[in-house]
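Participant: Read off the chains here:
Protein chains: 4
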Amino acid sequence: MAVEKLSEAAIQGALAELAGWTVVEGKLHRECTFRDFVAAFGFLTQVAIASEKMDHHAEIYNVYNRVRLDLTTHDAGGISQRDLDLAQKINTLLA
Amino acid sequence: MAVEKLSEAAIQGALAELAGWTVVEGKLHRECTFRDFVAAFGFLTQVAIASEKMDHHAEIYNVYNRVRLDLTTHDAGGISQRDLDLAQKINTLLA
Amino acid sequence: MAVEKLSEAAIQGALAELAGWTVVEGKLHRECTFRDFVAAFGFLTQVAIASEKMDHHAEIYNVYNRVRLDLTTHDAGGISQRDLDLAQKINTLLA
Amino acid sequence: MAVEKLSEAAIQGALAELAGWTVVEGKLHRECTFRDFVAAFGFLTQVAIASEKMDHHAEIYNVYNRVRLDLTTHDAGGISQRDLDLAQKINTLLA
Numbered sequence: 099m100a101v102e103k104l105s106e107a108a109i110q111g112a113l114a115e116l117a118g119w120t121v122v123e124g125k126l127h128r129e130c131t132f133r134d135f136v137a138a139f140g141f142l143t144q145v146a147i148a149s150e151k152m153d154h155h156a157e158i159y160n161v162y163n164r165v166r167l168d169l170t171t172h173d174a175g176g177i178s179q180r181d182l183d184l185a186q187k188i189n190t191l192l193a
Numbered sequence: 099m100a101v102e103k104l105s106e107a108a109i110q111g112a113l114a115e116l117a118g119w120t121v122v123e124g125k126l127h128r129e130c131t132f133r134d135f136v137a138a139f140g141f142l143t144q145v146a147i148a149s150e151k152m153d154h155h156a157e158i159y160n161v162y163n164r165v166r167l168d169l170t171t172h173d174a175g176g177i178s179q180r181d182l183d184l185a186q187k188i189n190t191l192l193a
Numbered sequence: 099m100a101v102e103k104l105s106e107a108a109i110q111g112a113l114a115e116l117a118g119w120t121v122v123e124g125k126l127h128r129e130c131t132f133r134d135f136v137a138a139f140g141f142l143t144q145v146a147i148a149s150e151k152m153d154h155h156a157e158i159y160n161v162y163n164r165v166r167l168d169l170t171t172h173d174a175g176g177i178s179q180r181d182l183d184l185a186q187k188i189n190t191l192l193a
Numbered sequence: 099m100a101v102e103k104l105s106e107a108a109i110q111g112a113l114a115e116l117a118g119w120t121v122v123e124g125k126l127h128r129e130c131t132f133r134d135f136v137a138a139f140g141f142l143t144q145v146a147i148a149s150e151k152m153d154h155h156a157e158i159y160n161v162y163n164r165v166r167l168d169l170t171t172h173d174a175g176g177i178s179q180r181d182l183d184l185a186q187k188i189n190t191l192l193a
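Protein sequences appear in the order of chains A, B, C and D.
Sequential numbering of the first sequence, starting at 99, is according to my numbering.
Sequential numbering of the second sequence, starting at 99, is according to my numbering.
Sequential numbering of the third sequence, starting at 99, is according to my numbering.
Sequential numbering of the fourth sequence, starting at 99, is according to my numbering.
Chain A with its partners taken away, still in its complex shape (with noise of 0.2 Å):
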């Protein structure tokens, strides 16, 4: 089955549970600063395994301690479910 592009008010529904994500330019988006280097990119090792075992994975931008996450599905021309799934489980990852 296609993975299917969620309409906006699903989307402005579910941000409402997700805390720290907005959407910016058609993505669901999160920036984050650690301490340091070392702690960023410990972090992002664990959206790296959580997101391959979940076959979805997010644009990583990084520089020193700071993290910016944006989640697409390119199937399905916006934000899916998955992206929904994939930013839940990297909220879990950060508490």
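A couple of the hints might just be wrong.
[As the list claims (entries may be wrong)] Chain A residues, not near chain C, derived (Cβ > 12 Å throughout): (1) Ile-109; (2) Glu-115; (3) Thr-143; (4) Val-161; (5) Asn-163.
[Claimed, not checked] Just the calculated beta-carbon pair ranges, DEER-fashion: (6) D:Asn-163 with A:Thr-131: 20 to 30 Å; (7) B:Ala-117 with C:Glu-129: 53 to 63 Å; (8) C:Gly-111 with D:Thr-190: 41 to 51 Å.
The set of hints was computed from the structure by calculation and includes no laboratory data.
Source: prediction; values computed, not measured.
Positions of the beta carbon are idealized from the N, C-alpha and C atoms, including for glycine.
The hints should help you fit chains B, C and D onto chain A, whose structure is shown.
Facilitator: Structure of chains B, C and D alone, referenced to chain A:
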């Protein structure tokens, strides 16, 4: 001693020895594509360890099997010898 | 369905196709030496991502450029097909 | 200057300040259990980056959510100040 911004001529001379790197928007720039996400993130982990050792961190962008690296030295207001050294080290990791 | 322990004959047959692996103390065993620590840990990160995806984790031992991997399936009380699959995947990462 | 092996008294004095570490078979030893494999390997990646920066590498053992670290200095034939420094750094990562 302060890290100095290199002249355009010095950068162009160095690029001749740095396979795969160009200057984009005033930063040393290289893009790499890997077999898959696992290979890409294995490479990024190596870049992370090497960068922290050199106390100089790349701007890292990754999505799935694609990696984009941008190097600049904030304290120098441009590309410095530290960027050339890191680019050289990264090429060793890719060899 | 439970994961079953493989017979000695099945394991020996599989080892013929698994370059670098032997059975040591009842576990699939492989040792690898890398150029340096950076290369060794880059490899381990790939093993980590692949293992989590397969829901099956190696016993990992590392010091500097040396890595030792041991595979067994606790639920089966010995070596199972899951260990052979992970060993095969690890060989792909080393190729 | 050579790295020197610390006296038993010096090690015992230092252990008083190093929560979680003991001496096992002549090495500084600590075991940690994490929520799951993802958390354990995120921690190990931080240890890897910090170790390479200090040019001093732990013996790392990991299976699933469990990590065991052993520190010794080959050149000193025992536990040296470098092991204490790395143990201290690792405790910072765990804090």
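Participant: Tell me the numbers of any earlier hints that the structure contravenes, in ascending order.
Facilitator: Hints 3 and 7 not satisfied by this model.
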